[in-house]
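Number of protein chains: 2
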Amino acid sequence: MSDNLHNQLKIIGKNARVAAQGLALANAQDKRSALTAMATHIRMQSEAILRANAKDLKAGKEKGLSGAMLDRLALSNERVENMATSIEAIAAMDDPVGTLEKEWEQPNGLRFSKVKIPIGVIGMIYESRPNVTADAGALCLKSGNACILRGGSEAFHSNQAIYKAIVSALTTSALPETAIQLIPTTDRLAVGHLLSGLDDTVDMIIPRGGKSLIARVQSDARVPVLAHLEGLCHSYVHADADLEMAKEIVMNAKLRRTGVCGSTETLLVDKAIAAKFLPQMIDLLTKNDCEVRGDATTQSLHEAVKPATDNDYFTEYLAAIINVKVVENLQGAIDHIGHYGSGHTDAIITNNQIAADYFHQAVDSAIVVHNASTQFADGGEFGFGAEIGISTGRLHARGPVGAEHLTTFKYLVHGQGHVRPK
Amino acid sequence: MSDNLHNQLKIIGKNARVAAQGLALANAQDKRSALTAMATHIRMQSEAILRANAKDLKAGKEKGLSGAMLDRLALSNERVENMATSIEAIAAMDDPVGTLEKEWEQPNGLRFSKVKIPIGVIGMIYESRPNVTADAGALCLKSGNACILRGGSEAFHSNQAIYKAIVSALTTSALPETAIQLIPTTDRLAVGHLLSGLDDTVDMIIPRGGKSLIARVQSDARVPVLAHLEGLCHSYVHADADLEMAKEIVMNAKLRRTGVCGSTETLLVDKAIAAKFLPQMIDLLTKNDCEVRGDATTQSLHEAVKPATDNDYFTEYLAAIINVKVVENLQGAIDHIGHYGSGHTDAIITNNQIAADYFHQAVDSAIVVHNASTQFADGGEFGFGAEIGISTGRLHARGPVGAEHLTTFKYLVHGQGHVRPK
Chain A
1 MSDNLHNQLK
11 IIGKNARVAA
21 QGLALANAQD
31 KRSALTAMAT
41 HIRMQSEAIL
51 RANAKDLKAG
61 KEKGLSGAML
71 DRLALSNERV
81 ENMATSIEAI
91 AAMDDPVGTL
101 EKEWEQPNGL
111 RFSKVKIPIG
121 VIGMIYESRP
131 NVTADAGALC
141 LKSGNACILR
151 GGSEAFHSNQ
161 AIYKAIVSAL
171 TTSALPETAI
181 QLIPTTDRLA
191 VGHLLSGLDD
201 TVDMIIPRGG
211 KSLIARVQSD
221 ARVPVLAHLE
231 GLCHSYVHAD
241 ADLEMAKEIV
251 MNAKLRRTGV
261 CGSTETLLVD
271 KAIAAKFLPQ
281 MIDLLTKNDC
291 EVRGDATTQS
301 LHEAVKPATD
311 NDYFTEYLAA
321 IINVKVVENL
331 QGAIDHIGHY
341 GSGHTDAIIT
351 NNQIAADYFH
361 QAVDSAIVVH
371 NASTQFADGG
381 EFGFGAEIGI
391 STGRLHARGP
401 VGAEHLTTFK
411 YLVHGQGHVR
421 PK
Chain P
423 MSDNLHNQLK
433 IIGKNARVAA
443 QGLALANAQD
453 KRSALTAMAT
463 HIRMQSEAIL
473 RANAKDLKAG
483 KEKGLSGAML
493 DRLALSNERV
503 ENMATSIEAI
513 AAMDDPVGTL
523 EKEWEQPNGL
533 RFSKVKIPIG
543 VIGMIYESRP
553 NVTADAGALC
563 LKSGNACILR
573 GGSEAFHSNQ
583 AIYKAIVSAL
593 TTSALPETAI
603 QLIPTTDRLA
613 VGHLLSGLDD
623 TVDMIIPRGG
633 KSLIARVQSD
643 ARVPVLAHLE
653 GLCHSYVHAD
663 ADLEMAKEIV
673 MNAKLRRTGV
683 CGSTETLLVD
693 KAIAAKFLPQ
703 MIDLLTKNDC
713 EVRGDATTQS
723 LHEAVKPATD
733 NDYFTEYLAA
743 IINVKVVENL
753 QGAIDHIGHY
763 GSGHTDAIIT
773 NNQIAADYFH
783 QAVDSAIVVH
793 NASTQFADGG
803 EFGFGAEIGI
813 STGRLHARGP
823 VGAEHLTTFK
833 YLVHGQGHVR
843 PK
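Order-wise, the sequence lines are chains A and P. Count the first sequence with the numbering used here and you get residues 1 to 422, in order. Count the second sequence with the numbering used here and you get residues 423 to 844, in order.
Derived by calculation from the structure, the hints in this document are not laboratory data. As the structure is a computational prediction, the values presented were derived from the model and not from experiment. Worth double-checking, as some hints may not be accurate.
To be verified - DSSO-like, lysine-lysine: derived pairs with alpha carbons at most 27 Å apart:
no., chain 1, residue 1, chain 2, residue 2
1, P, K436, A, K102
2, A, K306, A, K276
3, A, K102, P, K536
4, P, K524, P, K436
To be verified - Quick look at which bits of chain P chain A covers, simulated, 3 or more residues with Cβ under 8 Å:
no., segment
5, 427-433
6, 534-542
7, 631-638
8, 781-794
The beta carbon of each residue, even a glycine, is placed where N, CA and C say it ideally should be.
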């Protein structure tokens with residue numbers, strides 16, 4: 001059985017490698033047509049997709065999945081339509097492959113160009129949301145990468161149905177049918193094979209899901225991983241902030257959606273304006289059912305504030321709970337973020353440009369925001385079309401990862417008989 | 423003892439992390455001055471460096487190191503001067519940190535900028551050449567990264583002496599003295615600690631040395647690795663090549679220096695010109711003491727040709743031996759390179775622009791060359807100043823790695839009170 005599985009995966013790996021060679025040379029129009037066909041086929045097969053999803057939902061309820069998990073798993077006509085329009089948006093974007101990044105000439109007349117090319121084969125391991133099957137497949141295809149998808153077992157039937165639509169679209173296209181492959185088993189051993197690189201056919205693994213999934217992938221992978229760890233985001237209200245703007249931004253940053261990685265978990269407030277700002281801010285938060293945990297100063301400014309522990313400042317709540325801390329000054333805020341933050345997204349609210357510039361420079365996070373909500377941490381809001389995730393690593397890609405970040409490059413050297421002197 | 427070592431390395435890691443914070447905010451002029459001081463101090467201390475090197479050479483001879491290894495280890499007045507001028511060249515380059523890569527505005531008025539920043543702390547593990555101590559230290563400093571160096575035991579005294587000069591320069595500078603640190607022990611356990619990331623202080627490891635070193639680093643590292651594997655480079659003489667140009671390029675590509683990674687190991691010749699080109703080419707090679715191994719056709723064209731085995735085509739000789747194979751056509755050459763190559767550097771020699779463009783597109787190597795020697799695979803020749811190595815991986819950096827590639831980026835978001843709609 002396990003031998004069987006290994007052979008099955010080896011074939012998937014080989015198919016992916018061959019597809020990657022074809023995809024790397026595919027022209028932009030062929031990729032665009034294939035993506036448009038994918039959207040069409042998903043719409044055409046929406047009934048089958050919803051039927052499969054109902055099966056998964058029923059099994060999920062029986063298994064006792066949480067409400068949040070069932071919500072992530074659930075599809076509707078609207079959500080299927082969103083999948084299709086998201087693929088169309090990816091189709092409409094500029095093709096990153098072949099883009100000239102740089103071009104220069106050396107004094108000896110040798111000319112160089114640096115062009116974007118696909119990475120090769122991307123392995124994607126994800127949990128409940130079935131739309132990832134469509135999104136990840138489309139982003140990999142747009143960037144000329146073959147992909148091997150491994151969805152969560154709880155979304156098994158939904159993923160299969162979506163994948164069926166994708167394949168039927170690919171067969172009508174000029175691209176290899178195996179450009180996108182879904183591992184057709186819930187056998188957990190398959191993940192291990194994927195992580196060990198399937199006999200050198202996988203160039204990169206992208207995990208998307210909860211902490212335990214990411215941790216397993218990072219510890220077991222023998223190929224590079226583009227990982228999304230925590231989003232422990234901060235909003236800092238500086239002494240020179242417009243306090244009305246600050247209230248609006250903080251409310252949005254914390255409560256627009258509490259379950260997204262760009263939601264603010266800790267509010268830092270400059271001590272110069274704490275007494276004026278915090279009572280109103282905390283009123284607003286608590287009136288909107290947000291629990292507030294604070295340091296001693298914050299507690300002294302509002303009776304609803306519960307004490308925050310050191311551990312609270314390290315916690316990504318993904319819920320209607322916020323930590324509040326009064327800091328000495330700009331540097332105090334930067335130091336707090338450096339110590340407790342996760343390098344995801346952090347914001348300053350101030351009308352003082354010098355303070356904003358220093359914050360931008362000194363905060364070492366993928367996204368550093370001035371006078372806006374941390375919830376803009378999203379590939380769509382950045383104009384990247386869809387995103388395959390938000391990278392919290394420092395290498396290759398950082399922040400929202402769209403099609404253009406699923407590329408690498410090569411150097412083309414143009415000579416006229418150049419030889420290198422001794 | 424091992425506890426002691428671990429504590430010692432923990433302190434080195436902490437120092438590096440603190441230094442990295444300072445370096446990330448250091449201005450271009452302070453870094454330039456520190457580099458210039460490093461060059462000066464290396465010149466001032468050249469006698470001590472040469473004395474230390476003599477000690478290493480003596481020990482190396484006693485240990486029976488090969489002539490090639492002793493040559494890599496040996497310093498001279500000229501080589502010390504080259505170290506200093508190489509650092510000065512790095513000092514003179516544009517500072518990559520803070521460079522604006524991109525800037526755009528979304529329809530909602532939110533503005534984005536993408537700026538280059540340092541990676542953080544880089545661990546460098548290398549073998550015999552002591553100049554790496556100076557080069558790697560200078561490149562990391564230029565790019566705003568703190569670095570932890572671990573040189574080969576055979577160059578221990580040389581590295582210590584060079585490092586002493588570097589530190590004496592850093593103490594006169596505005597930068598942290600611990601911006602560059604050298605692990606002061608030959609204990610092999612230190613490498614293991616470095617590979618496991620020194621309690622999360624190392625962001626990236628760069629190994630530089632032989633195959634076994636790279637293999638160990640890749641299998642044991644718990645942090646991302648920027649590795650340089652083999653340079654199995656090809657030169658392909660196309661049917662429409664200028665044969666005089668081809669002879670000159672092939673001679674240079676193979677024999678200018680046989681021990682560098684960009685040297686050509688296999689010559690591919692289009693069958694249309696094989697009978698005309700190969701006899702002269704092989705004459706030239708053999709007259710210059712290059713052994714030629716070839717397929718049946720090549721053997722039939724010149725009596726000096728020995729048979730090439732399949733394994734020969736997979737071998738990076740780094741010596742005066744060349745494989746020759748006659749290929750059917752352009753696609754045959756591309757297929758051979760795809761199967762046997764290492765994705766390092768491959769060249770086509772042709773006056774046919776369409777063939778050259780297709781070769782550029784279809785060959786999946788870091789560097790793809792037209793009408794020039796593969797020996798141009800070198801950061802200096804690319805205009806990157808010095809290089810820390812040539813990456814054969816596909817992620818983050820590919821090809822020659824200079825200061826600008828030792829960076830990552832962050833996004834700065836500029837709002838005017840923007841909140842994200844539901």
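Hint by hint, here is what the structure shows:
At roughly 37 Å between alpha-carbon atoms, P/K436 and A/K102 are farther apart than 27 Å, so this suggested pair is violated. Of the supplied pair hints, the one linking A/K306 and A/K276 holds, its CA atoms being roughly 19 Å apart against a limit of 27 Å. As the CA atoms of A/K102 and P/K536 are separated by approximately 16 Å, the hinted pair is consistent with the 27 Å bound. Annotation: proposed proximity of P/K524 to P/K436 is violated, straight-line Cα distance about 33 Å (limit 27 Å).
Counting residues of the segment 427-433 of chain P whose beta carbon lies closer than 8 Å to any beta carbon of chain A gives 0, which falls short of the minimum of three for the stated coverage. Here's how the segment 534-542 of chain P fares: 4 of its residues keep a CB closer than 8 Å to some CB of chain A, so the rule of at least three is met and the hint holds. Here's how the segment 631-638 of chain P fares: 0 of its residues keep a CB closer than 8 Å to some CB of chain A, so the rule of at least three is not met and the hint is violated. Judged by the Cβ-Cβ criterion of 8 Å, the segment 781-794 of chain P is covered by chain A as claimed, because 12 of its residues qualify and three suffice.
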